[in-house]
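Visitor: Place chains B, C and D on chain A using the hints.
Protein chains: 4
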Amino acid sequence: MEKKARVLIDCRDEKGLVYKISKVFYDRNLNIDNNREFVDQEIEKFFMRSEVSGMFEINELQDALKEVTPADARIRVIEPTPKKIIIMATKESHAIGDILIRYADGELDAQIECVISNHDTLEGLVRRFDIPFFHVPAEGLSREEHEKHVMALISEFEFDYIVLAKYMRILTAAFVETYEQKIINIHHSFLPAFIGANPYKQAYERGVKIIGATAHYVTNDLDEGPIIAQDVIPVSHRFEWRDMQRAGRDVEKIVLSRALALVLNDRVFVNGNKTVVF
Amino acid sequence: MEKKARVLIDCRDEKGLVYKISKVFYDRNLNIDNNREFVDQEIEKFFMRSEVSGMFEINELQDALKEVTPADARIRVIEPTPKKIIIMATKESHAIGDILIRYADGELDAQIECVISNHDTLEGLVRRFDIPFFHVPAEGLSREEHEKHVMALISEFEFDYIVLAKYMRILTAAFVETYEQKIINIHHSFLPAFIGANPYKQAYERGVKIIGATAHYVTNDLDEGPIIAQDVIPVSHRFEWRDMQRAGRDVEKIVLSRALALVLNDRVFVNGNKTVVF
Amino acid sequence: MEKKARVLIDCRDEKGLVYKISKVFYDRNLNIDNNREFVDQEIEKFFMRSEVSGMFEINELQDALKEVTPADARIRVIEPTPKKIIIMATKESHAIGDILIRYADGELDAQIECVISNHDTLEGLVRRFDIPFFHVPAEGLSREEHEKHVMALISEFEFDYIVLAKYMRILTAAFVETYEQKIINIHHSFLPAFIGANPYKQAYERGVKIIGATAHYVTNDLDEGPIIAQDVIPVSHRFEWRDMQRAGRDVEKIVLSRALALVLNDRVFVNGNKTVVF
Amino acid sequence: MEKKARVLIDCRDEKGLVYKISKVFYDRNLNIDNNREFVDQEIEKFFMRSEVSGMFEINELQDALKEVTPADARIRVIEPTPKKIIIMATKESHAIGDILIRYADGELDAQIECVISNHDTLEGLVRRFDIPFFHVPAEGLSREEHEKHVMALISEFEFDYIVLAKYMRILTAAFVETYEQKIINIHHSFLPAFIGANPYKQAYERGVKIIGATAHYVTNDLDEGPIIAQDVIPVSHRFEWRDMQRAGRDVEKIVLSRALALVLNDRVFVNGNKTVVF
Chain A
1 MEKKARVLID
11 CRDEKGLVYK
21 ISKVFYDRNL
31 NIDNNREFVD
41 QEIEKFFMRS
51 EVSGMFEINE
61 LQDALKEVTP
71 ADARIRVIEP
81 TPKKIIIMAT
91 KESHAIGDIL
101 IRYADGELDA
111 QIECVISNHD
121 TLEGLVRRFD
131 IPFFHVPAEG
141 LSREEHEKHV
151 MALISEFEFD
161 YIVLAKYMRI
171 LTAAFVETYE
181 QKIINIHHSF
191 LPAFIGANPY
201 KQAYERGVKI
211 IGATAHYVTN
221 DLDEGPIIAQ
231 DVIPVSHRFE
241 WRDMQRAGRD
251 VEKIVLSRAL
261 ALVLNDRVFV
271 NGNKTVVF
Chain B
1 MEKKARVLID
11 CRDEKGLVYK
21 ISKVFYDRNL
31 NIDNNREFVD
41 QEIEKFFMRS
51 EVSGMFEINE
61 LQDALKEVTP
71 ADARIRVIEP
81 TPKKIIIMAT
91 KESHAIGDIL
101 IRYADGELDA
111 QIECVISNHD
121 TLEGLVRRFD
131 IPFFHVPAEG
141 LSREEHEKHV
151 MALISEFEFD
161 YIVLAKYMRI
171 LTAAFVETYE
181 QKIINIHHSF
191 LPAFIGANPY
201 KQAYERGVKI
211 IGATAHYVTN
221 DLDEGPIIAQ
231 DVIPVSHRFE
241 WRDMQRAGRD
251 VEKIVLSRAL
261 ALVLNDRVFV
271 NGNKTVVF
Chain C
1 MEKKARVLID
11 CRDEKGLVYK
21 ISKVFYDRNL
31 NIDNNREFVD
41 QEIEKFFMRS
51 EVSGMFEINE
61 LQDALKEVTP
71 ADARIRVIEP
81 TPKKIIIMAT
91 KESHAIGDIL
101 IRYADGELDA
111 QIECVISNHD
121 TLEGLVRRFD
131 IPFFHVPAEG
141 LSREEHEKHV
151 MALISEFEFD
161 YIVLAKYMRI
171 LTAAFVETYE
181 QKIINIHHSF
191 LPAFIGANPY
201 KQAYERGVKI
211 IGATAHYVTN
221 DLDEGPIIAQ
231 DVIPVSHRFE
241 WRDMQRAGRD
251 VEKIVLSRAL
261 ALVLNDRVFV
271 NGNKTVVF
Chain D
1 MEKKARVLID
11 CRDEKGLVYK
21 ISKVFYDRNL
31 NIDNNREFVD
41 QEIEKFFMRS
51 EVSGMFEINE
61 LQDALKEVTP
71 ADARIRVIEP
81 TPKKIIIMAT
91 KESHAIGDIL
101 IRYADGELDA
111 QIECVISNHD
121 TLEGLVRRFD
131 IPFFHVPAEG
141 LSREEHEKHV
151 MALISEFEFD
161 YIVLAKYMRI
171 LTAAFVETYE
181 QKIINIHHSF
191 LPAFIGANPY
201 KQAYERGVKI
211 IGATAHYVTN
221 DLDEGPIIAQ
231 DVIPVSHRFE
241 WRDMQRAGRD
251 VEKIVLSRAL
261 ALVLNDRVFV
271 NGNKTVVF
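Residue numbers (the working numbering), protein chains in the order written: chain A, 1 to 278; chain B, 1 to 278; chain C, 1 to 278; chain D, 1 to 278.
One chain only, chain A, in its complex shape:
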């Protein structure tokens, strides 16, 4: 039976890769509906994402691609079915709200398994959408104890990604490593960037004329982790810090939703501390 797949390949670059990979598709009489490649010349790494359709068997295709690519190749043949996601949030509703509206609309190419929060503020909103909400309070607990409860909860679900939709707690290295390349975050980041508590207040005090937001994978780098999407909006001296925060929320939610759509459509490769976005 005719079917579709997204084929993602990344490996060290070598001569003939496009030829060898497209030969595998050609020999199986597959259509290439969409094809994008990129070579990071600096580190000689090859990235390719193809959307193919036709008669094929996933494992066979994967094995055939394995044979024609270098030993280090990561090959993923993915059927385009909705991913499963877990959302973590705290109190603010703009980022999670934007996802929920898209979800209710059928625009989000994902199944939301549950929402986990360290506060119960968002419980009402989430329940309006018939999605399980779990309140895991952090008061009186060490970071590790709190995360133990969260991880126990997460372990009850199958999922592809954890989306931090303004989850305001810092994650431990252990947590991040457990879900490597599976955690997406939205970060308020500015020109210049402000780290730490109340970045909008810092931005206000610095008198910036532009504020922005960054969606990224969460890693244990001191810095943020591979950036998926960024955007900005102009502000002026008439913006008090609360106005900046309000304006910033619009950018945050749009950038997170944009990044999430890219990730759910398997359009993002992690390349060290950078990304390749097709």
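Calculated directly from the structure, the hints in this document are not laboratory data. Careful: at least some of the hints might be erroneous.
What the hints assert, rightly or not - Only some residues are given here: those of chain C computed to face chain D with a beta carbon under 10 Å:
#, residue
1, 17
2, 20
3, 21
4, 25
5, 26
6, 27
7, 29
8, 30
9, 35
10, 38
11, 41
12, 50
13, 234
14, 237
Stated by the list, open to error - With a Cα cut of at most 25 Å, we get these calculated SDA-like pairs of lysine to any residue:
#, chain 1, residue 1, chain 2, residue 2
15, B, 20, A, 11
16, C, 20, D, 75
17, C, 20, D, 64
Every residue, glycine too, gets a C-beta built ideally from N, C-alpha and C.
Guide: For chains B, C and D alone, coordinates are given in the frame of chain A:
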């Protein structure tokens, strides 16, 4: 001797094109330094731009590609040497000035053969850059008579593109057809678009909050022609129409220079009344 | 008792207006917390918006301002209480969804009285937020008959503004005149602008590189009506028209919400077919 | 004789300032062609910029304004004549080139007194515009010795502002203090911001999706100094650091020219480490 080329192919889409084309490169032991394809699914048309390097002979490569592609294929194997351009302008200096500064800097990947204008306003500026300037007055002449003089002048030069850097006269169909797909123009276009005399005044009277500019190939379509690049800037009720014009100039010059760089690097395919920009 | 008000004045310009108006405030010992003026030099019209606080009586203040301003002056002294709004929508959820999330969050400075739709698609979503939803079908009815039902419904509510959040029916002149300067709409508008059915398909076929949206007051002008806010996003040849539509939705919802916030905060003056936005 | 002036006032906020100041204008029968105020509520500071026209004597007007404003008031009554500027640059031509084209066009509301550079690279370009160029080499000199030569040169000119158009040397505290609030700089700044050598390479290695630029007053703050204008452009994984630099140059030049126009029109107040831009 090792050399580089840009290979541009467009033809009706069919199964195996990427495979067959990359096989031609592979068989000649060429490196693919950069590769981009796009299929316009609606009209089933295939576009590909590859930067290759290695030992090859241009005609032989072109013939080999001809053999593996459909009969309608347009195949261009282009050595990455600077293009030759002719600039046409009228009185305003912002668009041509931006090109001249890039030219003086060596940033522009082109040789400016000459500047042709229906006024002598820009003569001083152009001569500062040691570029031939020709004043071809239009007073008292029909459009056809004036263009006859311009075309006689153009015929003395070898060139790849004519850049209309705020050339304020409408071109005849005959002129446009003579230099098909060779004329690039910058158009002040807005939200909503304003056509005709003094578009900035129209935009002002309409009370728009954003103004923009469009760089495009010139065709004989009623409408503009295939769009290469567009950009916008915000304005407010505080902008009189001259302020809008001033702000618009910055967008116009940046958009034209951006489009020109794309065209000079052979990154733009014309696809009917649209473009594919790699 | 100390209170706050927004004072909005527009009238023909004449010498001394700022002096005379600020004298009224000064004589009553009011604080000016925020003050913005604008003179449209072309038509010699004066606009002023002041946020004042102190001990005052609204009618007395209004009368005092009347006395020092020209006969044509429109003077509004408005207490900063939440406005009442009616939302009209059709099937798409992005624009209304964005408003609902802000509403649930307490960010929207308004009370949503009800949602009226010519379809029942959005009923489930609206009811999640405990807001009355009225389905007023249009099938088999003339435009006038349908609007008669809608207006009967509207007449049961007190309201300040009607927000068309992707309401896809054209309103009659009679409807628009009934609620003059009270109807806000979001319009998909592009570079160049596309009017009529399926503008995203038209934009796709035109090959634009930017799409945008316009929030405006609804009038009976052939054209749109006074523009409140506009914004755009870049697109490319890789966007099919459905991708453009999806991208356009993000701009539409943000622009509508931005315009709505401006209107709810009494920051927008209508100035002929333009606006002054403070 | 009828004349025009820009009146700039900043002082601690107190009740009645708008009234008292506009009374001074009213008593002299002056027209207010444009008027903007802003109160920084956090530090209770008042800013006002008025464009007035009529029959007046500058000193008398200044004195009258002094009388009605708090003791700390800084009052400037400025005739709108072109300012005099000195440009300092190093090797790159994009920022200075953009200024020169505007200058040649008459768009720049300033007289360029001279260009000073620590290299002779730009001499040819500057001389094309008949502007004095001074090469002050820094080789073999301490920072202080080099600046001594520069300052000796500067002292020969009357000027209002020094524009650093990609001047790549760090200025000493002594230099900065000598020309307090008179030095404008363009800074490549990103999301997140990169300080130090080759910021574009740092941005590339961080994998940012947006790069930007900041125009600001130069101060001795560790950080940059009051920001006048900022802007950004999107980039992608396909940009090598030289592509980022090339794209960044377009933003740098536009942002510097925009900031310069604001400063030359007396539209910028320095407010601590921030600005108020009218």
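Visitor: Output the numbers, in ascending order, of every earlier hint that fails for this structure.
Guide: Hint 14 contradicted; others consistent.
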